[in-house]
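Colleague: Chains A and B are the protein sequences, given in the same order.
Per the working numbering: the first sequence = residues -17 to 210.
Per the working numbering: the second sequence = residues -17 to 210.
Hints are not guaranteed to be accurate.
Identical copies carry no separate label here, and so any pair may be met within one copy or between two of them.
The calculated SDA-like cross-link candidates involving lysine to any residue, where the alpha carbons are at most 25 angstroms apart (straight line), are [as the list claims (entries may be wrong)]:
| # | residue 1 | residue 2 |
| --- | --- | --- |
| 1 | K102 | G133 |
| 2 | K209 | S189 |
| 3 | K102 | E186 |
| 4 | K209 | E186 |
| 5 | K102 | G57 |
| 6 | K209 | Y142 |
| 7 | K209 | E188 |
| 8 | K102 | E151 |
| 9 | K102 | R118 |
Think of the hints as simulated: they come from the structure by calculation, not from any bench.
Protein chains: 2
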Amino acid sequence: MTREQHEPGSLHELFVAERALENSAALLQRAQELDVPISLLTDRAADALSETVTPQGIVAVCELLDRPLETVLSGDANLVVVLVDVSDPGNAGTVIRVADAAGASAVILAGETVDPHNGKCVRAAAGSLFHVPIARVRDVGAALAACSATGLRTLAAHGYAEEQLDSIELAMPTAWVFGNEAHGLRPEVLELADIAVRIPIYGEAESLNLATAAAVCVYASAMAAHKA
Amino acid sequence: MTREQHEPGSLHELFVAERALENSAALLQRAQELDVPISLLTDRAADALSETVTPQGIVAVCELLDRPLETVLSGDANLVVVLVDVSDPGNAGTVIRVADAAGASAVILAGETVDPHNGKCVRAAAGSLFHVPIARVRDVGAALAACSATGLRTLAAHGYAEEQLDSIELAMPTAWVFGNEAHGLRPEVLELADIAVRIPIYGEAESLNLATAAAVCVYASAMAAHKA
């Protein structure tokens, strides 16, 4: 396999600390099969390359992960997740992991949403950045219009919406739209979506946080679609 | 209202920074009505009392929050959340918030689960520590036995379980049991639960993280029970 044949998001080069060699045999063998160059590092150099306090000792150089919106949205998409102005990289990564688990065919990072290449986002996504196609689109309206054009109903998660999650038809092609963790979705964005939907609150909490709200909504759709 | 009449978790005393006075009028009035002593602090003293980088300028002294297991489990409980050996306080707090939103009647922190009074847990719970009764029980077997004795079916969330979330009857009194974020539930604990259940993974992710998994499971039960 040549470098040119790699898909976006694929591996260019691996750096491995001495201490990580033993536990990484399978990974390194796979990299060799793919003709990925592997370089040995001292433990100290590997730590300096990593952002975390207890790094695992492997650093990979990859392609940038995001792709054009037209590429990630195909005609047979049943579930897409759109994040609008999400600012916390850990939240974005966690939602990308949820979208992957729920079988979403794409995640669109719209508006001012954080860069998916942020280290915290990469770690929170736990590998899912390499599973789900990701697009970055500044123009939120264009992102929602593209979802609609693909035949997806757009559902905007909103704490004060009239429609409640357990009273709408969930088993149909859907793009879930989630807003900023502190401010939610702007009124203009709510206007653009087909339906604004709230998660029922049966107790006294005012709301759920972004990642758990996304998990509840996206999984409600995924389970309904797979049951139908 | 006298101090003695306060419920566990209620307020003993408030310290307020000068800069927080203006935005806290309603809160301070309510505290005065409850005869809670209020002391003014300099901004610098308030910052020193707080754990966060940008504290809000209000510090409250409260009762310890946990109550005896017998007290939190009543005969008409329909939904209870049990955390076993959960070590991250942010995760514990987020799940307590989810449990509150889903209308759970109690959260049981079992085994080596983190102290709910940890500042990160308090912040992640976003007020829900004061809404849902919390019990701390070292003995995990005793916690599950108490749930069963109250008439709750115990469901253990487990990534490799045979039963899948969308194929079990959800609209019945349930205690959801979640394990440590890295290691899940120990085999002995899985044995004790009535059914081990996995969240269906429709994509390529290996799993969900603890908080999002708990949100999916607990809300699946809550929405089914309210629909029934």
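Colleague: Using 25 angstroms as the alpha-carbon threshold, which applies to K209 and E186: within, between, both, or neither?
Modeller: between (31 angstroms within a copy, 19 angstroms between copies)
Colleague: Given identical chains, is K102 near R118, meaning Cα to Cα at most 25 angstroms, within a copy, between copies, both, or neither?
Modeller: within (17 angstroms within a copy, 32 angstroms between copies)
Colleague: At most 25 angstroms between alpha carbons: which applies to K102 and E186, within, between, both or neither?
Modeller: Intra 31 angstroms, inter 20 angstroms, cutoff 25 angstroms: inter-copy only.
Colleague: Regarding K209 and Y142, is the shortest C-alpha distance of 25 angstroms or less found within a copy, between copies, in both, or in neither?
Modeller: Result: close only across copies, 20 angstroms inter versus 28 angstroms intra.
Colleague: Up to 25 angstroms between alpha-carbons, please classify K102 paired with G133: within, between, both or neither.
Modeller: neither (33 angstroms within a copy, 42 angstroms between copies)
Colleague: Given identical chains, is K209 near E188, meaning Cα to Cα at most 25 angstroms, within a copy, between copies, both, or neither?
Modeller: between (31 angstroms within a copy, 21 angstroms between copies)
Colleague: At most 25 angstroms between CA atoms: does that hold for K209 and S189 within a copy, between copies, both, or neither?
Modeller: between (28 angstroms within a copy, 20 angstroms between copies)
Colleague: Pop the pair K102 and E151 into one bin, within, between, both or neither, using alpha-carbon distances up to 25 angstroms.
Modeller: neither (35 angstroms within a copy, 37 angstroms between copies)
Colleague: Within a copy, between copies, both or neither: which one fits K102 and G57 at a CA-CA cutoff of 25 angstroms?
Modeller: neither (32 angstroms within a copy, 44 angstroms between copies)
Hint compliance for this structure: hints 1, 5, 8 are broken, all remaining hints hold.
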